[in-house]
Each structure stands twice: as structure tokens, then as C-alpha cells.
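For the record, the sequence lines run as chains A and B.
Numbering that gives the first Met the number 0 puts the first residue of the first sequence at 0, with every later residue one more than the last.
Numbering that gives the first Met the number 0 puts the first residue of the second sequence at 0, with every later residue one more than the last.
Derived from the structure by calculation, the hints contain no laboratory data.
Hints may contain errors.
As the list claims (entries may be wrong) - Pair ranges (Cβ atoms, derived):
hint	chain 1	residue 1	chain 2	residue 2	range
1	B	E22	A	D19	52 to 60 Å
2	B	F139	A	W32	35 to 43 Å
3	B	F98	A	S284	54 to 62 Å
4	A	P196	B	K113	37 to 45 Å
Here the structure is a predicted model, which is why all the values come from computation and not from measurement.
Just so it is clear, CB atoms sit at the ideal spot from N, CA and C, and this is done for glycine as well.
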Amino acid sequence: MLVLGIETSCDETAVAVIQDGRKILSNIVFSQWVHKKYWGVVPELASREHIKTILPILKTALEEGKLSLSEIEGIAVTCGPGLVGSLLIGLSLAKSLAYSLRVPFIGVNHLEGHIFANFLEYPDLKTPMICLIVSGGHSTLVYVKDKGDYAILGRTRDDAPGEAFDKVARLLDLEYPGGPSIDHLSKKCHTSGVRFPRAFLEEGSLDFSFSGVKTAVAIYVSRLIPQEKEKQKACIAKGFQEAVVEVLVAKLLQAAFNLGVKRISLSGGVANNSFLREQLSSEASKAGLEIYVPSPILCTDNAAMIAAAGDFHLSRGEKSTLELNAFPRLPL
Amino acid sequence: MFKDKIITRSPEETKKLGEKLAESFSPGEVVALFGPLGSGKTCLTQGICSGLEVKDFVVSPSFVLINEYEGKFKVYHIDLFRLERLSEIINLGYEEYFFGEGICIIEWAEKAIKLLPEKRMEIYLKILSENERKITICKF
Chain A
0 MLVLGIETSC DETAVAVIQD GRKILSNIVF SQWVHKKYWG VVPELASREH
50 IKTILPILKT ALEEGKLSLS EIEGIAVTCG PGLVGSLLIG LSLAKSLAYS
100 LRVPFIGVNH LEGHIFANFL EYPDLKTPMI CLIVSGGHST LVYVKDKGDY
150 AILGRTRDDA PGEAFDKVAR LLDLEYPGGP SIDHLSKKCH TSGVRFPRAF
200 LEEGSLDFSF SGVKTAVAIY VSRLIPQEKE KQKACIAKGF QEAVVEVLVA
250 KLLQAAFNLG VKRISLSGGV ANNSFLREQL SSEASKAGLE IYVPSPILCT
300 DNAAMIAAAG DFHLSRGEKS TLELNAFPRL PL
Chain B
0 MFKDKIITRS PEETKKLGEK LAESFSPGEV VALFGPLGSG KTCLTQGICS
50 GLEVKDFVVS PSFVLINEYE GKFKVYHIDL FRLERLSEII NLGYEEYFFG
100 EGICIIEWAE KAIKLLPEKR MEIYLKILSE NERKITICKF
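Please work from the sequences and hints to get the whole structure.
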């Protein structure tokens with residue numbers, strides 16, 4: 000089955016076509032740059048950018064896959080969670096296409112898409128597994144019992160990790176987005192990083208909290224004179240990154256241990272952080288776990304993962320009706 | 000105008016203060032929060048929401064700008080951290096929130112000061128030390 004995926008939940012306008020849930024024929028992602036000067040996504044601007052770019056992106060995705068619209072057999076679209084205005088644009092396109100092509104369409108949960116990025120990258124990946132989804136808006140630990148069968152084990156109680164990276168980057172006068180800036184700068188610290196607190200929360204909790212470490216950095220920086228801040232910047236970045244990564248890795252491993260699961264995976268934009276990838280693979284191998292991390296293009300928001308999740312549900316005969324709405328806080 | 004100053008000594012105390020404040024809230028209440036990164040704005044909001052019987056996790060809305068919760072009343076948790084110009088806030092469709100029937104909590108409220116209703120609560124948070132915060136509450 001040829002499934003066209005559409006993803007517009009936040010600041011990426013993305014269209015992809017995949018075949019039989021595993022083969023990517025095209026995967027086009029346009030990252031909106033208009034938000035850069037605002038240090039994050041401005042919902043109103045995001046909607047306007049989606050409207051401007053979605054049809055050219057659709058055209059490019061079809062051209063790249065050497066396909067015509069009439070060959071598409073199913074449509075998958077993100078219907079939440081995300082920004083409601085942005086979601087509605089993808090949803091409207093999906094409905095119009097489904098209606099005019101007379102093919103089934105299905106609304107997909109964005110987080111389920113991130114889980115399916117793993118199945119796209121590793122077609123023979125088996126379940127159960129524990130999946131950590133970390134991005135600008137999410138920090139969610141999921142027990143994937145099987146495709147379509149999930150249990151949330153933990154999530155953030157305040158800031159998502161990507162958001163904490165952005166805020167700390169701003170405190171250190173770095174560029175947006177904060178994740179890559181901090182990742183890059185911390186490599187210039189050749190001593191140990193500044194020690195910041197790790198938020199493990201109550202004993203046994205698999206929830207996350209990144210607000211405290213952000214506050215610790217803010218207080219630390221506010222006590223430095225400008226020259227000293229400049230001098231210590233790289234080691235502050237390194238210390239902050241270490242504090243965040245240590246907690247992420249520990250909780251992912253803890254979840255695997257608690258449930259006796261051997262496979263763990265990482266997905267979402269923050270999964271592209273090089274220190275997180277390194278730490279996780281070394282800790283996972285020490286613990287004898289199999290680790291799966293999709294390639295960068297499948298970790299950040301994209302439509303191929305949405306098409307893959309959609310293909311799974313469509314193949315089971317599930318479909319959405321044209322009344323489907325967007326749900327900004329859709330739970331997994 | 001009513002004014003009160005409180006010092007809290009932990010995030011839990013800040014949360015408790017929020018819960019207590021919420022007891023007096025009625026629909027249409029607008030709470031404007033002022034204070035730097037890490038001063039406890041989201042923490043105080045979590046307390047207010049808990050006092051309003053919101054069952055959901057209250058998380059920072061910096062990324063999405065507005066979070067909506069259902070409790071005793073509808074709660075809008077707005078974060079203007081990233082917005083610079085008044086026009087961007089106007090574009091958010093602020094009237095619906097600022098002059099609506101829900102409880103509206105606004106972080107980084109200084110960015111929208113010209114748009115806020117006159118009848119409002121202002122809360123100023125100041126970092127005194129690692130865990131201590133000075134919280135000044137003004138009611139207009």
C-alpha cells in the first residue's frame with residue numbers, strides 16, 4: 000500500500016510517501032526558520048508558514064517519489080498533540096485529498112509517529128521495547144508492548160528537555176535552537192563540567208523535571224561577572240548537558256530493568272544530541288541492552304514516521320471520518 | 000489596592016502559596032506573573048492549578064505558548080517568554096483569554112502589560128537564594 004503522510008504539528012511542514020509501511024519513497028521536511036528570532040515557535044507564524052509551504056512540499060514529495068496523486072492508496076496525518084492552528088492545516092489537506100481521491104485516511108498521534116520512526120529505520124525490530132521520546136515539546140517514556148499497544152511510564156512535570164536546552168542557551172547568549180548550540184559548545188570544555196543538580200524526583204519515579212537544573216544554571220550565571228561567564232561558558236554548557244543526559248539515560252535504563260525489557264530506543268529531536276547518544280549506547284551495552292536510535296532525519300519531526308504509523312492502522316482496517324478534529328493535547 | 004509580601008523557602012512552599020491563592024479565585028480572574036527565569040512562575044502556577052482542582056500535569060507552556068486545563072473552572076496558562084512585540088500577542092487572540100470566563104495565568108506578563116484588563120492580580124517573584132523567593136502580591 001502507498002501511504003502519503005502529512006505532519007504539521009509544530010514548526011516542520013512535512014510530506015512523505017512510504018510503501019508497505021517500510022520503504023520510504025520520499026520524505027520532505029521543511030523546517031520553518033521564521034521562528035529563529037523569537038527563540039522558539041510562534042503559533043500564529045507557524046500556521047502561516049504551513050499554509051504557504053504545504054502544497055509545494057506535497058508536490059516535491061510526489062516528484063521525488065516519481066509518483067502521481069492517483070497512485071496514493073491511503074493518507075495519514077498528525078491530528079495531535081501539537082499547535083491547533085498548525086495541525087488543522089495538515090488535517091484539512093489530508094481530508095481534501097482523501098475525499099477527492101476516494102481513499103481512506105487516518106489521524107495519527109504524533110508520539111506514535113515517533114515510536115514508528117524506529118520501525119521504519121529497523122524494519123525487523125521486535126517488541127516489546129521501551130521508547131524515550133525527547134524533543135522541544137515532549138519528554139515521554141513509553142512501554143511499547145506491541146505496535147498499537149502503549150503504556151506511558153513517565154513524562155515531564157515541567158519543562159521538556161528541548162525547552163530547557165533553549166532556555167539555558169539563551170542564558171549563555173548562544174544561538175537558537177539551543178540543543179545543537181549547547182552540544183557544540185560543551186565540546187570546547189576540556190575539564191569537568193560545572194556540577195548541577197540531577198532531578199531524579201521521588202524514589203522509583205520515571206517522571207522527569209528539567210526546571211530545577213535550568214534554575215540552577217540561571218542562578219550560577221547570575222553570580223558571574225561577564226568576563227568570568229564568557230570564560231566558563233563551555234563548562235557550564237557541558238555541566239548542564241551532563242545533568243540532563245544522566246537523568247534521561249538512568250530513567251530509560253530503569254524502565255527497561257523494571258519491566259524486564261531488552262530493547263530500548265530513543266526518538267525525537269533531542270535524540271540527535273551527540274552526548275546523549277554516546278552515553279546511552281555505552282550505558283546500554285554495559286547493561287546488556289539492545290539500543291535503537293533512528294537516523295537524524297527520522298528523529299526530528301517528519302511525515303515518513305506518520306505514514307508508517309498510519310499504514311499500520313489502515314492495514315488493520317481502521318480509518319478516520321471527515322469529521323476528525325485536531326487535538327492539541329491528545330494523549331498517547 | 001491590596002499588597003502582600005511573602006517569602007517562600009522551597010518550591011513546595013511556593014506551590015502551597017499558589018494553592019492558597021486559588022481559594023479566592025472566581026471565573027474571569029487574571030493573574031499576571033513577573034520574575035526572571037527560574038524564579039518559580041511555573042511552580043506557583045502549578046500550585047494555583049492544583050488549588051483549582053486541575054488533575055492534569057501542569058507543564059511549562061514556553062513551547063506552545065498557551066496550555067488549557069480543566070479544573071473547577073477553565074484555566075489558561077500563558078507564557079509570553081518568547082514574544083517580543085505587542086502585535087505578536089495580539090495575533091494570539093488574547094481577548095478570548097484575558098477577558099474570558101476562565102482563570103488566566105500569564106507568565107512574563109510585562110510583555111503584554113498594555114493589553115491586560117485593569118482588574119487583575121499582579122505577582123512579582125524575586126530570587127533571594129538557591130531556594131528562597133520573595134513573592135509580592137498586588138491586587139487591583
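Now the hints, each set against the structure:
Evaluation of the 52 to 60 Å hint for E22 (chain B) and D19 (chain A) yields a pass: the beta carbon distance comes to about 58 Å. For F139 (chain B) paired with W32 (chain A), a C-beta distance near 41 Å keeps the hint of 35 to 43 Å intact. Taken as a hint, the range 54 to 62 Å holds for the pair F98 (chain B) and S284 (chain A), whose Cβ atoms sit roughly 57 Å apart. Between P196 (chain A) and K113 (chain B) the beta carbons are some 38 Å apart, a value that agrees with the proposed interval 37 to 45 Å.
Against the hints set out earlier in the document, no violation occurs for any number.
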